[in-house]
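K.L.:
For the record, the sequence lines run as chains A, B, C and D. Per the numbering used here, numbering through the first sequence is continuous, rising by one, with the last residue being 297. Per the numbering used here, numbering through the second sequence is continuous, rising by one, with the last residue being 297. Per the numbering used here, numbering through the third sequence is continuous, rising by one, with the last residue being 315. Per the numbering used here, numbering through the fourth sequence is continuous, rising by one, with the last residue being 315.
The reader is advised that the hints may include incorrect statements.
[As the list claims (entries may be wrong)] Reference listing, derived: stretches of chain D covered by chain C, where coverage requires no fewer than 3 residues with Cβ under 8 Å from a Cβ of chain C:
| id | stretch |
| --- | --- |
| 1 | 38–44 |
| 2 | 123–133 |
| 3 | 192–204 |
| 4 | 245–259 |
[Claimed, not checked] Residues on chain D that point at chain A, a partial pick, calculated with CB under 10 Å:
| id | residue |
| --- | --- |
| 5 | V12 |
| 6 | A58 |
| 7 | A62 |
Keep in mind the hints are simulated off the structure, nothing from the lab. We put the CB at the ideal spot given by N, CA and C, even for glycine.
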Amino acid sequence: MSDFRPVQMRSPVLTVRRVDAYYAVTVVAPGIAERFRSGQFIAVAVGGEQSSMLSRRAFAIHDVKPDYGGTVEFLFAVRGKGTAWLAERRSRDLLDIVGPLGRPFPLPRDPVNCVLVGGGAGSAPLFPLAHTLRRRGCRVDFVLGAASADRVFSAITARRVAETATFTTDDGSFGVRGRVTDALPQVLEDAPSDVVYACGPMPMLREVTALAARYDIPVQVSVEETMACGTGVCMTCVVPVVGEDGITRMARSCVDGPVFRGERVRFDDVGTIPFDALGAPGWKARGDDPVSAREAG
Amino acid sequence: MSDFRPVQMRSPVLTVRRVDAYYAVTVVAPGIAERFRSGQFIAVAVGGEQSSMLSRRAFAIHDVKPDYGGTVEFLFAVRGKGTAWLAERRSRDLLDIVGPLGRPFPLPRDPVNCVLVGGGAGSAPLFPLAHTLRRRGCRVDFVLGAASADRVFSAITARRVAETATFTTDDGSFGVRGRVTDALPQVLEDAPSDVVYACGPMPMLREVTALAARYDIPVQVSVEETMACGTGVCMTCVVPVVGEDGITRMARSCVDGPVFRGERVRFDDVGTIPFDALGAPGWKARGDDPVSAREAG
Amino acid sequence: MSPDLRTRLANVELANPILTAAGCAGAGRELAQFFDIARIGAVVTKSVMLDPRAGLPAPRMAETPSGLLSATGLQGPGIEVFLQRDLPWLLARGGRAVVSIAGGSPAEYAELARRLSDAPGVTMIEVNLSSPNLADQGRHFTDDPAAAARVVHAVRSHTRSDIPVFAKLSPDVPDLVELAVACVQARADGLSMINTVRGMAIDTTTMRPAVAGGVGGVSGPAIRPIAVACVYEVHAALPDVPIIGMGGVRTGTDALEFLLAGASAVAVGTVIFHDPSACVRILREFEEELEERGVRRAADLVGAAHRPMGAQPAR
Amino acid sequence: MSPDLRTRLANVELANPILTAAGCAGAGRELAQFFDIARIGAVVTKSVMLDPRAGLPAPRMAETPSGLLSATGLQGPGIEVFLQRDLPWLLARGGRAVVSIAGGSPAEYAELARRLSDAPGVTMIEVNLSSPNLADQGRHFTDDPAAAARVVHAVRSHTRSDIPVFAKLSPDVPDLVELAVACVQARADGLSMINTVRGMAIDTTTMRPAVAGGVGGVSGPAIRPIAVACVYEVHAALPDVPIIGMGGVRTGTDALEFLLAGASAVAVGTVIFHDPSACVRILREFEEELEERGVRRAADLVGAAHRPMGAQPAR
Ligand SMILES: Cc1cc2nc3c(=O)[nH]c(=O)nc-3n(C[C@H](O)[C@H](O)[C@H](O)COP(=O)(O)OP(=O)(O)OC[C@H]3O[C@@H](n4cnc5c(N)ncnc54)[C@H](O)[C@@H]3O)c2cc1C
Ligand SMILES: Cc1cc2nc3c(=O)[nH]c(=O)nc-3n(C[C@H](O)[C@H](O)[C@H](O)COP(=O)(O)OP(=O)(O)OC[C@H]3O[C@@H](n4cnc5c(N)ncnc54)[C@H](O)[C@@H]3O)c2cc1C
Ligand SMILES: Cc1cc2nc3c(=O)[nH]c(=O)nc-3n(C[C@H](O)[C@H](O)[C@H](O)COP(=O)(O)O)c2cc1C
Ligand SMILES: Cc1cc2nc3c(=O)[nH]c(=O)nc-3n(C[C@H](O)[C@H](O)[C@H](O)COP(=O)(O)O)c2cc1C
Ligand code: FES
Ligand code: FES
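Working from the sequences, and respecting the hints, build out all of it.
P.N.:
Next up, the structure:
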């Protein structure tokens, strides 16, 4: 375990590039690069030494390279105050980064067929995953969606890595007009798939999970819940997740996730405490050995 | 009056230079440069858009140049959080600056003999003053003091501009060991002086004022009281100052000063409300036309 | 079509809901160097007392994270100078004047109200209740709803009937809603919230309290969530009473937040020290926020956060 | 010579005065990835209750200027899992355990205290009084000094005599000193202050309260001046009662500020979310601050800001 534990470092920015609607930041972070496994993320402090912004911003790791001892790349769209600040960084600035964080995507043992489904910036963690899967001899099919053409993520890379790459945009400005979940059934029909990996907004993950269930394919989803620390201490990033023991727990998406088995996440109850969750109001203990009860995830 | 009113601008940083213990920052600020008169200062917002630091930092204007439509230079030593942030600025960064602020040094009509006394960073406003006085045919003698050699301000410029330049350091690492007030009597003896201008910490200003009084020379002091706004609205920068009507008022050093006639400042009562100040506890109105009572300054 | 920004505070209508906060903008003169003060909803003036007041000794402020700790002690020239010099200046520039008053007894407040009612051009009176009650060993009027009510009642009785009287509350009270209700029962036409929050800083160099008064008031964005909670709770209890919300407003989004919580107008205080143009910038940003959301009338948003999910105002 | 950092909290001596704040560091496990938790004064654990608790729905937090607004609802595994899993883990790593407890009645608190007294290795108990009193329509124990005193008394009576009991207070009370005195009279060995400050934020996109609970607690540097004032005032009233100070500690200078105000130890909370190494960094900075000032013993500085000018401790 201690080999995989995250590190905190002040990482020099190597480059900040504009890529369509996104910014791609590459930092020198050897400790993070060497520990990284697909699906993990970093948590970045924003605003400098006297920042008024206390919560770290989470970004999926999009790429790691061996240069300079190890670099890490992440991509983001400017959304609020923190990403606006990040977009203004220049090369040689230092960023306070913690990573790699979270439970990575579980990888298949055998060279199976994998469908990777991503929405907007949520596509980022699927790229290192695709490379890893390819290295293991898996077939990769991409389904990437976004609001508009400039928000579709790394289309060229997706085409290069994957057997097929399907794109959807809400406004039809690129690929098929519609949502990824409109295009996904066709992809699942065309190539017999063994596992689905998905990353994006909660409603999309819910639908992808439902579709995969219909085709009886296991699905791994990476959720994006609001986070303050990323390290498991603040308890703000919880989602209701069913454990192996059948008990629902409010699981921290930063350490118990962000990757969960899709059917374990109670999507319809996100934003609530399900009445039957462990410790919900009125909940009464079942079984008498709470410690051995496996944690959710 | 409206010609002299301050402006607020987002000024690009031209250069940031290290000068001994100080940083010299030059910004492009035409509106400020053109309005500037010696003794005035700027108030700089620090920490960027999402700064946790709300009060502006005051810096004397050290130089203005006509380049790029008008540039302004200020010098500072790193002291706390705000100056630490400023020291990290680079060329092309934008600074939110308000200026020029405050009452400038009154200038003599005739080509008289002037002694300029400065302590540490407090010497900054004396340099544009020296140039202006020289242009009017005045004789200028400098007495500059600091804790150590690397904190003595622009010694070379001082020597070039002035008839004589005397330096003192607390540790004797440059010039005479001791304080400016140790060296000042000799300077006043050597050249018959008509006016003293002083800028530096409050205890120094008090002593300079006392010395000038002993030699019966008028003295203009520029005080450095903690400021939050610099524009006269927060009422935090007050010092007790005697008005022309003999009444002591808590005068705002940012708009009623920072330059006051030395003998008007009640140095011994700084940090108190003198019992006889206008509106002090127990104070009773004298005279019946409070409006016509001239403001302090 | 640009949104309708007008707002109503009791029987007064203002062109827009962005005001200055008392004590953070003088009587408008200094800020007029940076923008046309006739453009904002109103200038709330520094609390004026009967006599000149020297205030507290320096240091009067310390910077705190996203806030300011201050103790100025209501330094000011007194009502005489205010009426002869400051008010006419503000009116001549086309500014709307909300005059904040402070005193040590209901009688002093009443006298101030009377003098202001005799003067032409006062749009509203704001009663700063965070002032020591001389009859009660220096406790503040806000500490005791009955004492606060006596002041409000005295002011209302001596104020011309067409001038609304707003009571300004402090968050450091045992029960804010109880205080608010007491003021409204004493015929306050509206409420202003919040005054600064009790706080303190120690100078780690001198090892002494950082402001001469020891305890001071915290203001600025740091206290915004505290202020929003106060506005929300009082609006929930008294939905028909107009509120001027304040505490750390820095952007148009912050102003919008106060409206949604229940304020009909928003005052900008400490942020003016940081940005002398803040009021007009916030007004512009606020208008943009409404445009982005397709909101036609700012007034429709007042208290919208109290409505059940999905019942937010029509765009 | 490096300064003596030891501090005394009732009959317990800690190696240094830097602790974690309850609920901001779990039971130490996550932070142990970033530093050796045996190096800090103690780990104050997340408030534990008798039964498992799911907490409040998400969203549970919103960022505010230099602060965090949160409402997590004391999610936790219950005392059973805590004693079997969390406490042994912490003790095995050499950590000092200050266990925070919360309940709905004096009896629940008493039961928690009894269970903890039976377990080996508990250094101190911190009684989180900002928990709804089930017998009083959900009012918090801190709202009523008598109710708070009953809880403290119950805990003290059921706690092994060598384990100090600290009462943790909220700033949102009618009279903090009165509450503190009530707790001490009920035999609290010391006080922890402050818990979060009541606050709220409105999400301007959804136009609804930003945290699911509506009202939440503000923490972080934004509340530091409020916390310092609380510590200062209570130390002035009860100079012999040890205090654990907290609220927005970000640097060693901030820790020093709390000591000067009257705290014997300082807990770091929200800033841990921002910097998981915060506690050891602050410890290092604090030591440097003492060295720069030539202070030989940290304990000499406790309450120094209360001494008359010039009577600050010998260097
Ligand atoms: C595991 C994970 C991986 C992510 N990967 C990426 C990525 O690769 N690229 C990308 O563009 N975005 C990613 N996000 C979303 C990204 O974290 C948010 O866009 C970002 O935090 C917004 O910050 P802000 O300051 O611009 O917004 P603000 O609205 O100012 O943020 C305010 C607060 O809300 C939190 N917050 C706001 N939106 C989100 C969100 N969607 N998820 C989590 N916290 C949020 C912030 O952390 C902050 O605490 C990821 C989120 C998670 C949880
Ligand atoms: C009219 C005037 C002219 C000045 N000119 C210069 C100059 O040319 N060069 C220079 O190096 N310094 C100058 N100073 C002092 C300079 O303003 C302070 O050094 C600076 O504000 C410290 O900021 P900080 O963030 O580093 O310190 P911090 O201690 O973090 O500041 C905290 C707060 O205290 C205020 N403050 C702290 N020290 C001072 C001070 N001495 N004067 C006013 N406010 C203070 C800051 O504005 C801020 O609000 C001048 C001050 C005044 C009033
Ligand atoms: C320096 C200063 C002076 C103030 N003077 C007054 C005053 O005279 N009367 C008053 O009612 N409030 C006064 N206040 C409180 C403000 O009007 C406002 O209620 C409070 O600061 C919160 O708003 P803000 O965070 O935007 O500053 C003052 C605040 C500050 C910081
Ligand atoms: C997310 C979160 C959870 C908290 N949980 C607890 C808790 O379980 N028990 C408790 O006594 N205080 C709890 N607190 C309060 C802190 O211990 C502390 O008193 C407060 O946050 C002020 O310190 P800070 O500003 O350093 O965070 C919690 C605070 C936060 C932000
Ligand atoms: S983000 Fe803090 S526990 Fe997950
Ligand atoms: S600094 Fe604000 S009035 Fe002078």
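K.L.:
Would the hint on A58 (chain D) be counted as holding, given a Cβ-Cβ threshold of 10 Å to chain A?
P.N.:
holds (6 Å)
K.L.:
Quick check: do three or more residues in the stretch 123–133 of chain D have a beta carbon closer than 8 Å to a beta carbon of chain C?
P.N.:
violated (count 0)
K.L.:
For the stretch 38–44 of chain D, count the residues whose Cβ lies under 8 Å from any Cβ of chain C; is that count three or more?
P.N.:
Since 0 is below three, the answer is violated.
K.L.:
Three or more residues of the stretch 192–204 of chain D near chain C by CB distance under 8 Å?
P.N.:
The restraint on the stretch 192–204 of chain D holds, since 7 of its residues have a Cβ under 8 Å from chain C and three suffice.
K.L.:
Verify the coverage statement for the stretch 245–259 of chain D against chain C, using a C-beta to C-beta distance below 8 Å and requiring 3 or more qualifying residues.
P.N.:
holds (count 5)
K.L.:
Could you check if A62 (chain D) really has its C-beta closer than 10 Å to a C-beta on chain A?
P.N.:
holds (8 Å)
K.L.:
Using Cβ atoms only, decide whether V12 (chain D) comes closer than 10 Å to chain A, and label the hint accordingly.
P.N.:
Because about 24 Å separates V12 (chain D) from the closest Cβ in chain A, which is outside the 10 Å limit, the hint is violated.
Consistency with the previously given hints fails for numbers 1, 2 and 5, ordered from lowest to highest.
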